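Chain A is fixed; fit chain B onto it per the hints.
There are 2 protein chains.
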Amino acid sequence: MKFATISTGTGTFAVVRVDDRNVLPISVLARGVDTTEALIETGGAALDAIASGLQAKRWRSEDLLAIDGLRWHAPVRRPGKILCVALNNSALDPFNISVPSFPAYFEKPSSALTGHREPIELLPSYGLTHPEPELAVVIGRKGRFIQPDEALDYVFGYTIINDVTSVTMRKEDHFHVRFPTPDGGEYKMVEEHVSYPARYKGCDTFAPLGPWLTTRDEIPNPNALQVRCWLGDDLIMDDNTANMRSYVPRVLQWMSHHQTLHPGDVIAMGTALSPKRDRPISYGDMNKLDGDVRIEIEGLGTLVNPVRRREAEDPRLHFQR
Amino acid sequence: MKFATISTGTGTFAVVRVDDRNVLPISVLARGVDTTEALIETGGAALDAIASGLQAKRWRSEDLLAIDGLRWHAPVRRPGKILCVALNNSALDPFNISVPSFPAYFEKPSSALTGHREPIELLPSYGLTHPEPELAVVIGRKGRFIQPDEALDYVFGYTIINDVTSVTMRKEDHFHVRFPTPDGGEYKMVEEHVSYPARYKGCDTFAPLGPWLTTRDEIPNPNALQVRCWLGDDLIMDDNTANMRSYVPRVLQWMSHHQTLHPGDVIAMGTALSPKRDRPISYGDMNKLDGDVRIEIEGLGTLVNPVRRREAEDPRLHFQR
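Going down the list, the sequences are from chains A and B. Position 170 of the first sequence, counted from 1, bears residue number 170 in this note's numbering, the numbering being contiguous throughout. Position 118 of the second sequence, counted from 1, bears residue number 118 in this note's numbering, the numbering being contiguous throughout.
Everything labelled a hint here was simulated from the structure, so no lab data went into it. Hints are not guaranteed to be accurate.
Distance condition first, Cα-Cα at most 25 Å in a straight line; then the derived SDA-like pairs of lysine to any residue [unchecked claim]: (1) A:Lys276 / B:Val190; (2) A:Lys142 / B:Pro124; (3) B:Lys2 / B:Glu218; (4) A:Lys188 / B:Asp234; (5) A:Lys188 / B:Ser274; (6) B:Lys171 / A:Ser98; (7) A:Lys276 / B:His176.
Covered by chain B, according to a simulated footprint, are these stretches of chain A (three or more residues, beta-carbon under 8 Å) [unchecked claim]: (8) 110-118; (9) 168-179; (10) 193-200; (11) 296-310.
Since the model is a prediction, treat every value here as computed from it, not as a measurement. A virtual CB, placed ideally from N, CA and C, is assigned to each residue, including glycine.
Bound conformation, chain A alone (with noise of 0.2 Å):
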């Protein structure tokens, strides 16, 4: 089943996808349970009421809502977190350095979520910045310390992410300096980079998210998904899921051994990339896009959002030394 958050004149609720052209408040099928957050907490019995409901075709034609005059949000709203596994791609490993061998991660807030058809929005002094088409993973029930081979018991669903990202707020968000670091019983001062992902990943508008939440049982394998990318009418990523350095069951895993997962929780698996390996980065500025941003994922569905350039005093301006 695929299901959304939408909105009408009557209000903000979860519906399901009926065909092509409908969707039909999944309130009509399971009474009380009318927002995904629910739906995902409450789990089996509504589900198997929304299943059966929709086989049985148990609504009046006039509960039903064209799919045309929707306004979409994310389809989790205010999700407890969203964790993004970073440079996840195999593509990447020729331009290796030094890195780790696990599924390092950063977070976006749950404000940078926005729905389908709705815009990103770019301020003049977020400067270069670019799609990142991704498979989301959406945790179905509360686990910690989970294994691989269960992993995917803890999947409610997947959806598509645009992991937006600002390359020159990161390279801004940058500290190279000396920290004294214990050695012994001595301190010695030790060079270190480090750097800070809240801003070049976390502005308002920066997760376009949906449209659909797709139930797990329509995914027997997310770790082989086809994912496309356009830039208007330039195809900048054709890539699969199959060349994630890790895959789901491994990162819920990792992730999972740090932090409790919770029900509603978002996924960003990293991104896909060009299909030209030897310059697999090609991420276009979206500062320069006339036209909307469109991501598909196989079995998924197709991710629209337009970009709206937006005018705004540069803050920068108040920190220089």
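Structure of chain B alone, referenced to chain A:
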């Protein structure tokens, strides 16, 4: 006023401090408001009712709860985001090689929060792990593009955060790579250092918060507060928020240029350091601690957490290449 979130046999709810020994459920004075989240969202009217109810002693003695027996939670339990300013201490300036002039920041997930007196859990794989005592700002109302002269109007109050940090994981989650980077119409290969903090800053229990959420009227100047931290009996940090590189109004301006701040969001202002300015970092290692971590901030109280070491298989074994 000083608020907290606590549990008793009858549930989890918000309380207000009455005196050195007692707290009172806020719903006694503000009917229907029983969490700090609801209090922050409701704003003025509920706060006024609680303030006047406290002054008029509008409660029965059997409504009071003894502070001694409380089980504490983070005063806000599931903030939309926890944004943390990095390296915001002027004592580090002499050690800089190349750093931004503005407040770079990272996130902690709400799943990392824990309460006063609750244990900080350490696993063997976490390695060298230390406390970072910090002033935390709790946002009171929604804001974007906040200007410095109005910034404190967006603050609900202040509390203490222990920004627990693993040096071992910080070093592990560092990438030294060559990125194909646009240069005019061509690409050139550029060496970059990037690092990712979701793990070394975001493990379960890595964000003790509390005990009290103190309303902003009690803290006229958040940029002049003494901050002290003890590991067991050792005073390891003794500093003042006056030594922050960027103060609260500028930090709110900077963050809200990029991200909408929402009621309940938590902003950690960066760690206090040792009074020894030639060696400002003297974190100590919590793995060796036999006793509590104790953080005191002027006007906000004292946040105390024991350390619990827990065994678990080292997941790094599964990621050897």
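Quick rundown of the hints versus the structure:
no., hint, in the structure
1, A:Lys276 / B:Val190, "18 Å, holds"
2, A:Lys142 / B:Pro124, "23 Å, holds"
3, B:Lys2 / B:Glu218, "9 Å, holds"
4, A:Lys188 / B:Asp234, "21 Å, holds"
5, A:Lys188 / B:Ser274, "16 Å, holds"
6, B:Lys171 / A:Ser98, "11 Å, holds"
7, A:Lys276 / B:His176, "22 Å, holds"
8, 110-118, "holds (count 3)"
9, 168-179, "holds (count 10)"
10, 193-200, "holds (count 7)"
11, 296-310, "violated (count 0)"
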